[in-house]
Amino acid sequence: MSAETGIGAAVKRREDLRFITGRGTYTDDLNVPGQTYGVFLRSPYARAKINAIDAADALQVDGALAVFTGQDAAVDGLGDLPCGWLVKSKDGSDMVSAPHPPLAVSQVNYVGEPYGLVVAESLAAAREAAELVAADFEELTPVVAAAEAAKASPIHEGLEANLAYDWELGDEAATDAALAAAAHVTRLDLTNNRLIPNAIEPRAALATFDPTSGEYELRTTSQNPHLERLVLSAFVQIAPEHKLRVVAPDVGGGFGSKIFVYAEETVVTWAAAKVGRPIKWTAERSESFLADAHARDHVTHAELGLDEAGRFTALKVRTTANLGAYLSLFGSSVPTFLYGTLLAGQYKTPNIHVQTHGVYTNTTPVDAYRGAGRPEATFVVERIVEAAARETGRDPAELRRLNMIEPGDFPYETPVALVYDTGNYQASLDRALQLVDYGGFKQRRAASEAEGKRRGIGFSCYIEACGLAPSQLAIQLGAGVGLYESGEIRINPTGSVTVFTGSHSHGQGHETTFAQVVSDKLGVPFDDVEVVHGDTGRVEFGLGTYGSRSLAVGGSALISAADKIIAKGTRIAAHMMQAEPDNVAFEEGAFISGNQRLTLQEVAFASYVPADYPPDLEPGLSEKAFYDPENFTYPAGAHIAEVEVDEATGVVQLVNFVAVDDFGHVINPMIVDGQVHGGLAQGAGQALLEHGIYDADGQLTTGSYMDYCMPRADDVPDFTVDTTVTPCTHNPLGAKGCGEAGAIGSPAAIINAVTDAVGTEDIAMPATPEQVWRKLHGL
Amino acid sequence: MSKRGEGVEQSGEHRIPAKRSAVWRSLNDPAVLARCIDGCQSLERLGEDAFTATVRAKVGPVRATFQVALKLTDMRPPESYVLHADVKGAGAGFGKGSAEVTLAETEDGTTLLRYSVAGRVGGKLAQIGSRLIDSTARKMADDFFSAFHQALDPAANRQQSANPP
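Quick mapping for you: the protein sequence lines, in order, are chains A and B. Using numbering that gives the first Met the number 0, count along the first sequence one by one with no gaps and you end on 778. Using numbering that gives the first Met the number 0, count along the second sequence one by one with no gaps and you end on 164.
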């Protein structure tokens, strides 16, 4: 296939033409006849009883149409928002779920929780009316800090405690015994700071209802429209699936925060039928800060045992994970199955035990965000390994190398339930050391010191489990849905190709990458392949995009569908060429038998105009496949950060960053580089800048860009990125996924560099100038 | 947690060019108060020790109409009282606080008013206005006292009655 557009080619993204010329069509760009506007009423209290809501004055506003409350939704039987992953406590009991009505009914439990929807003819009228809704709240004492939540009185009526689950994985007795026998034990207390996702496009929803057909249509900012439809049908019970179409048009970034089924699109869809008019809601940025699921927020104590030679003998991890006020769609799985299972990292640590207390607090719910559990796991493993190297006087790169799983060890079963299929961790570490010029670090450090700056270097050899996920395993572990993906390939009568995928692109470039895969596999021109996604009315089914799964799972489904196209085409071509199907080969877009040759286009045409056609074969050339992965994929790599710390100001400058990642086979290296760059910038944001802070009253004090600091171009260096390749052994593309790696590996590398420069392990994320300055001055 | 946004704390003093008894009377006069509070749309007395007001105000990017309930306690006329405020701004959030106010007579016949406020805010006020709360509260207090000063200044009063608004 064409070297310019096939697998491995750095094809420019075809979707960028519309994005960079302002022609993208986002949810808020859409308008429909008769459209009205919704504004949500949000709790100003972290915890309060709702005594009464008086909408009389609001409804007097010119253009005001309706005010809906949680009571109205309850009367209509609108179901609660579900959590899609049932985690069990170590005693075998199910996690404790707090009921999560889309609109609060009797009590609000975090600042920003919606308790009503105002609908009006215009946005201005809706806002004005919202100002006039008089809600009588009775303030209650909130629980804010995760560390104290388990002991505090329960925030939810009817729940015995704020502990959602007490989960564990691994062999505790063996781990304790190994720690007791260790030659050295490194102990570390860590916090993983609360992050607030900041997609450029805020969440939005436009819902319509047709009373003549009973059909709802919801256009919304979703990473997985089919899952949205499934939840709204099966759990919230707005409408059965055949009466509910969910479309995710162009979506401007998600990073996980648009996976979840939120209150807003749920309520707007329900209310569209109530008012008999379409309703549009678009979040303001200040709403996004409060109402998009937050991320991370762990408090952890970890202990790593080493023998005399420096080999890891045991890792024990105790984590309290702040889940927020309610269990968001996948919130329960993030600090458990997506976290504890990754604590082996790249190492042969024989004994591992992790315990996670998931707790409720009066804060915004916490859920998956770029990396989801794996950045937290990597931070624990790579921080404590670095600290152990320092404590035992070993080179941090060599201590890692000593403990790494070796290429001959695969498949490698970890003590925390995963089987790594393949990898070569030494190769990525070697390449990273070479690219960073590790040998020259001492000179660079001296040069920095000459300028009054301390220089530090930090490593992070991460691993992640991606390509979510083998359905049976996931369901066994509590997932409420399968995690396969669908793909459909239609060869149109004249030979052009329409591809339907159940995964969803919101910045990842699927329209380009998936076209490359199909064009390469079927030998048709790249420009003849169109990719359709994000519409339950056009794509049969799908599970969307998260967990770096789209290519590994969705792309593999397309390979399966293409195989079926080739199989059927072979039978048609064999008939036309009067050959045995076994004697027909498919090469570069053509069916070949001896010196006869029929292009896929010719065969497609014959299938739709079946004049000379196998009698036992259906017409048409369109095939679909569902691909269920056998295992997770395991991208891994080595990240090395170098920082300069200004002694006078405490300012940390990230001056050099090398990322060498093993994503298996790469379809489009330009897109992969872009994904890595974006992830690294987000990781630098977590390490140095971003922090969601609640005050003691549960008020979010970092609720705008004045106080929540996002990374900018001048906060990151010119990244050096490279790849090593061990192809995934169990999917047909040999691909592992690249979306999250940057955000997973980099925070630990950066903090390891900062702690190296400052000379203390006691630096929490984000390493703000104030904190670093205090540590430099022993304060 | 709770590194910031722990609340508003502020204190100050103003010299009012009037006798203490006159200052006390004015501080309890809804008409005077309404005139001195910037953006005040209405202010009514609900009883000996309570007022209710509607005030249009702006805190940083948050502009809203606030319903204010005021309650006076620890009244020691004409020396001191404690003013409790409960402020609700629908979508803008809420504020709660109290101010200890003392009035001291001075040798030159004027009155020295001292106040000390402690309060907290919630909702949008805390979310996007937190770092502006102190400066806004300071400005509101300054505006109030400069208007109050003018309302009690005999010279300013004469001028005002000559030029009715």
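Derived from the structure by calculation, the hints contain no laboratory data. Be aware that a few hints might be false.
In silico contact screen, one side only, chain A against chain B (beta carbon under 10 Å); selected entries [said to hold, decoys possible]: (1) S42; (2) V110; (3) G111; (4) L131; (5) A134; (6) D611; (7) P614; (8) D615; (9) L616; (10) L699.
Quick reminder that beta carbons are idealized off the backbone N, C-alpha and C, glycines included.
*When the hints from earlier in the document are held up against this structure, which numbers fail?*
6, 7, 8 and 9
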